[in-house]
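Engineer: The chain contents come next:
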Amino acid sequence: MSVLVNSTINGDPIQFSCEADETLMDALRDRVGLKGVKEGCGTGDCGACSIRLDGALVCSCLVLGAEAQGRTVDTVEGMSDGAKLHVLQEKFLEHAALQCGICTPGFLVAAQALLEKNPTPTEEEIRYGLAGNLCRCTGYDKIVRAVQDAAKTMNRKAKKKVSKS
Amino acid sequence: MNAETKLGKREFRSVGTRPVRPDGVDKVTGRARYGADFDMPGQLVARVLRSPHAHATIKKIDTSAAEKLPGVKAVITSKDLPDLTDGDEELGAILENCMARKKAYYDGHAVAAVAAVDAKTARAAIKLIKVDYTVHKHVTDVDRAADPKAPLVMKGCITQGIDPAPKKASNIAKQSEFGHGDVGKGFKKADHIVERNFRTEQTHQGYIEPHACVASISPDGTGEMWVCTQGHFVFRQQCAALLGLDMAKLRVTSSEIGGGFGGKTHLWLEPVAMALSRKANLPVKLVMTRDEVFRASGPTSATSIDIKIGITNDGTITAGEATLRYASGPWPGSWALLGAMTAFACYDLENVKTTGQEILVNRPKTTAYRAPSAPMAAFAVESVLDELAGKIDMDPVQLRIKNAASEGTRSSYGPVYGPIGIGPTLEAAASHPHMKAKLKKNQGRGMACGFWFNFGGQSCTNLNIDIDGSVTLTVGTIDVGGARASLSLVVAEELGIDYEQVKTIVGDTSTLGYNEMTDGSRGTFASSMSAIMSARQVIDIMRARAADMWGIPPEDVEWQDGHAHASGKSKKNLPPLSIADIASRAAKTGGPIAGHTELNADGAGVSFATHICDVEVDPETGLTRVIRYTVIQDAGKAVHPTYVEGQFQGGATQGIGWALNEEYIYGEDGRLQNPGFLDYRIPVCSDLPMIDTQILEIPNPNHPYGIRGVGETSIVPPLAAIGNAVSNAVGVRMTHIPMSPPRILDALENAEQEG
Ligand code: FES
Ligand code: FES
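Top line first, the protein sequences correspond to chains G and D. Take the first sequence: its letter number 40 is residue 40 in my numbering, and every next letter is one higher. Take the second sequence: its letter number 607 is residue 607 in my numbering, and every next letter is one higher.
Think of the hints as simulated: they come from the structure by calculation, not from any bench. Note that CB positions come from ideal geometry on N, CA and C, so glycine has one too. One should not assume that every hint holds.
What the hints assert, rightly or not - Taking lysine to aspartate or glutamate and the EDC-like style, the derived pairs with C-alpha atoms no more than 20 Å apart in a straight line are:
# : chain 1 : residue 1 : chain 2 : residue 2
1 : D       : Lys-120   : G       : Asp-54
2 : D       : Lys-149   : D       : Asp-581
3 : D       : Lys-127   : G       : Asp-21
4 : D       : Lys-127   : G       : Asp-30
5 : D       : Lys-120   : D       : Asp-132
6 : D       : Lys-503   : D       : Asp-23
7 : D       : Lys-120   : G       : Glu-22
8 : D       : Lys-503   : G       : Asp-21
Stated by the list, open to error - To give an idea of the interface, some chain D residues facing chain G are shown, with a C-beta separation under 8 Å as derived from the structure:
#  : residue
9  : Tyr-34
10 : Met-40
11 : Lys-120
12 : Ala-124
13 : Gly-206
14 : Tyr-207
15 : Gly-259
16 : Glu-292
17 : Gln-673
18 : Asn-674
19 : Leu-678
What the hints assert, rightly or not - Where chain D lies over chain G, by a calculated footprint (3+ residues, C-beta under 8 Å):
#  : region
20 : 75-81
21 : 95-104
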């Protein structure tokens with residue numbers, strides 16, 4: 001049985017149909033065409049499929065497509081502001097926080113959620129905040145540094161904004 | 001803390017800088033296309049039925065109900081993949097592993113496959129296939145399999161490599177020996193001898209991207225495949241041979257690859273997708289689940305190693321001997337051979353002997369995992385060296401410095417070394433601040449060395465000068481972790497232009513001649529050699545074109561800083577010509593400007609590393625945390641130092657997971673009990689500290705820039721370094737990897753009982 005789902009995906013109203021038992025990960029990849037949502041395990045253990053559902057960080061492989069009805073979905077594809085990359089994206093590139101890059105979309109989404117909750121995380125808080133995302137290539141060193149640097153940059157920008165206004 | 005120590009003399013302009021990689025933006029925006037991100041119009045979705053038994057004869061397969069299910073377009077068994085391998089053992093094993101023929105040899109072995117209009121139908125169809133099995137006794141443990149009384153994995157398997165050949169069949173498929181001198185004499189000279197058995201468990205490469213491909217085979221014998229692979233040329237060659245296609249008619253395009261570490265050097269599902277596509281006459285997409293990746297794509301060997309080393313009171317090693325048993329799955333590989341070659345490669349030994357034994361077991365077919373086979377052998381050797389250092393009260397780093405191989409040493413596996421980095425990495429370790437840092441209660445420090453050969457091999461590249469003066473390099477080696485950036489740097493260096501002017505891409509199998517895979521740390525080494533040669537050709541062509549434009553002899557044109565300069569008598573009043581100047585006139589001076597190279601890259605420089613590690617062990621729970629880690633490795637010349645550091649850090653982390661957590665756990669029923677990331681736990685961010693690196697640069701004399709491969713050696717020392725650190729923390733010698741909490745508690749308990 002298929003269901004029709006209306007949600008706001010990366011800021012746009014999107015309608016898609018999917019099977020009632022289809023995961024949101026599959027629906028986003030195969031129905032909406034957002035292939036930046038990666039499948040590493042399908043069982044909630046790797047975080048490659050991380051997205052935001054109404055702002056909350058979730059593994060989209062553990063959510064049904066139908067559950068997106070009337071809610072907002074944010075994926076890596078919606079992170080940049082037009083052609084301007086998000087600070088996290090820039091810092092991941094600058095620090096070479098990716099080797100193969102398959103884990104990168106999930107890390108970026110998770111890091112964004114982390115920094116929204118905690119704009120000044122310690123190294124330990126970053127490490128625990130990202131513990132749900134697996135990376136097999138980097139040993140996490142450069143990922144942690146990229147997130148630390150992004151946090152610093154974002155705070156500096158935020159301060160500038162405040163002092164201007 | 002990341003540091004670089006340069007030992008070469010040449011000054012570089014681009015090589016050694018750290019620009020952003022050319023494929024980076026696509027990877028942070030979700031645009032990069034990996035194996036499972038590609039679709040062909042009208043494609044079917046495939047699923048594979050796998051054996052639940054570790055060892056069973058397939059009496060009958062009934063696919064009729066599956067075939068009748070609406071939406072099913074093709075069902076295949078081994079009958080649809082007839083054996084065309086003509087006695088080629090390696091290809092035969094690949095074929096049999098892709099689809100079981102008379103017998104299933106491990107839990108997860110493919111027995112049939114379905115292609116249907118969607119995943120749901122394919123899954124339903126798989127359930128309708130009935131397989132009639134006769135179950136046999138199985139063996140999954142390496143030592144039990146080596147026992148003469150063990151059930152035979154392959155009927156009639158006679159050990160190769162022993163003269164005279166044994167009469168009785170066994171699970172010891174191959175034996176190989178290396179060494180020189182007389183170990184018996186050597187041990188007589190020793191003041192201290194340590195002899196022990198070490199075991200390591202089976203681990204998986206653990207790439208986050210499961211195997212995936214889309215295959216399309218037409219009735220006219222032409223075909224295309226999109227696949228995540230470390231070597232699309234090799235995949236094409238093997239798939240064409242297995243399917244009976246002309247190689248030229250099969251075009252293989254490599255996707256972005258989501259990690260491989262050796263695991264994507266081997267065919268697992270591609271011939272199956274092709275056979276389904278051929279039968280259905282439609283494109284077929286086949287993606288493994290994580291469960292299938294663990295159960296049915298090749299992990300590394302479990303090992304059992306007997307080792308004996310003798311030293312004198314002044315710390316000179318008098319002899320080293322090892323028997324190394326490596327489990328290889330149901331078919332033999334060269335895993336024990338590599339273990340036997342690498343075990344003592346760091347040291348200058350008068351008497352050394354290693355024997356490698358390839359042991360067949362009812363587990364998935366073993367394949368390469370980063371510096372395959374070396375970490376386990378290093379674990380055994382480096383653990384015993386630490387123990388011996390303790391016996392003579394010598395600093396373990398000094399003991400190794402005293403015995404380290406150097407230029408001119410005859411290696412334990414035969415060749416004589418050129419300039420090598422083992423001594424310098426040890427000296428760097430001895431003077432590293434990490435060595436002097438204070439340790440607290442329950443903490444221990446360990447260090448260890450590691451070696452890997454590095455490969456060279458066949459490479460082919462194209463270098464095109466576009467009419468606006470920008471440059472495209474096409475390579476046939478897969479970029480697994482930043483090679484496109486490194487190769488662009490090399491071309492920029494050679495041409496004397498900016499990195500941004502060069503774009504490196506990976507061509508498909510129809511655009512270039514044969515290229516070997518990205519394995520053996522050969523990618524940047526071999527492709528850069530080929531790229532340099534192509535760039536030099538292009539410079540010669542551009543000098544000639546400039547000469548033509550100026551009307552002067554080509555000898556009077558020099559290439560400098562990305563420009564043609566008139567020199568000698570012709571020098572006056574001719575302003576230099578840029579690549580764009582020359583390229584814009586190409587149509588009038590002889591047509592397109594391109595360089596092309598094919599070569600067999602000889603002279604890959606061997607690579608050495610020394611690692612230092614601090615751990616803290618909780619004596620109540622046995623839980624171990626790595627609290628500080630330092631990697632020191634020779635890179636020859638670090639082309640893009642950030643990516644070199646990344647290789648060091650990634651390899652060390654994989655080693656940490658192997659040392660402390662990761663293992664395949666089989667039940668008595670021969671089934672894998674932990675085929676998922678929840679129970680097969682790889683290190684996560686919160687398990688680790690920063691991984692410090694120190695890059696040494698001891699140029700490889702066989703490469704124009706001194707480059708050595710850097711990808712693999714970093715996984716070799718960690719098992720031993722952490723083993724030594726844990727042993728020092730708890731005061732008991734650890735001999736079984738992974739040192740999971742229960743194993744550490746057991747070791748403590750045993751020591752208490754004995755003590
Ligand atoms: S694919 Fe969803 S957590 Fe791994
Ligand atoms: S960069 Fe490959 S898994 Fe993270």
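Engineer: Could you run down the list of hints and mark each one as holding or not?
Structural biologist: Hints versus structure:
At roughly 29 Å between alpha-carbon atoms, D/Lys-120 and G/Asp-54 are farther apart than 20 Å, so this suggested pair is violated. A distance of roughly 77 Å separates the Cα atoms of D/Lys-149 and D/Asp-581; the hinted pair therefore is violated under the 20 Å criterion. Distance restraint check for D/Lys-127 and G/Asp-21: the Cα-Cα separation of roughly 18 Å lies within the 20 Å cut-off, and the hinted pair is therefore satisfied. Simply put, D/Lys-127 and G/Asp-30 have alpha-carbon atoms about 24 Å apart, too far for the 20 Å limit, and the pair is violated.
Only pairs whose Cα atoms come within 20 Å are accepted, and D/Lys-120 paired with D/Asp-132 is rejected, the gap being roughly 24 Å. This hinted pair checks out: D/Lys-503 and D/Asp-23 have alpha carbons roughly 10 Å apart, not beyond 20 Å. With a C-alpha separation of about 10 Å, the suggested pairing of D/Lys-120 with G/Glu-22 holds against the 20 Å cut-off. With a CA separation close to 44 Å, the supplied pair D/Lys-503 and G/Asp-21 exceeds the 20 Å bound.
The beta carbon of D/Tyr-34 comes within 6 Å of a beta carbon in chain G, closer than 8 Å, and the hint placing it at the interface holds. For D/Met-40, the suggested interface contact is broken, since its CB lies about 14 Å from the closest CB of chain G, more than 8 Å. With a least beta-carbon distance of about 7 Å to chain G, the hint placing D/Lys-120 at the interface is held under the 8 Å criterion. With a least beta-carbon distance of about 13 Å to chain G, the hint placing D/Ala-124 at the interface is violated under the 8 Å criterion.
Taking 8 Å as the C-beta cut-off, the interface hint given for D/Gly-206 holds, the closest approach to chain G being about 5 Å. The closest approach between the C-beta of D/Tyr-207 and any C-beta of chain G is roughly 6 Å, which is under the 8 Å cut-off, so the hint is satisfied. Here the hint on D/Gly-259 is kept, as its CB sits about 5 Å from the closest CB of chain G, short of 8 Å. Annotation: D/Glu-292 was flagged as interfacial toward chain G, and the flag is violated, the nearest CB pair being 11 Å apart, outside 8 Å.
Because the smallest distance between the Cβ of D/Gln-673 and any Cβ of chain G comes to about 15 Å, over 8 Å, the interface hint for this residue is violated. Interface hint at D/Asn-674: violated, since its Cβ lies 11 Å from the closest Cβ of chain G, which is beyond the 8 Å cut-off. Interface hint status for D/Leu-678: upheld, as the beta-carbon distance to the closest one in chain G is roughly 5 Å, under 8 Å. For the region 75-81 of chain G, the assignment as covered by chain D holds, since 5 residues bring a beta-carbon within under 8 Å of that chain's beta-carbons and 3 suffice.
Coverage of a stretch by a chain is defined here by at least three residues with a beta carbon nearer than 8 Å to that chain's beta carbons; for the region 95-104 of chain G and chain D the count is 9, and the condition holds.
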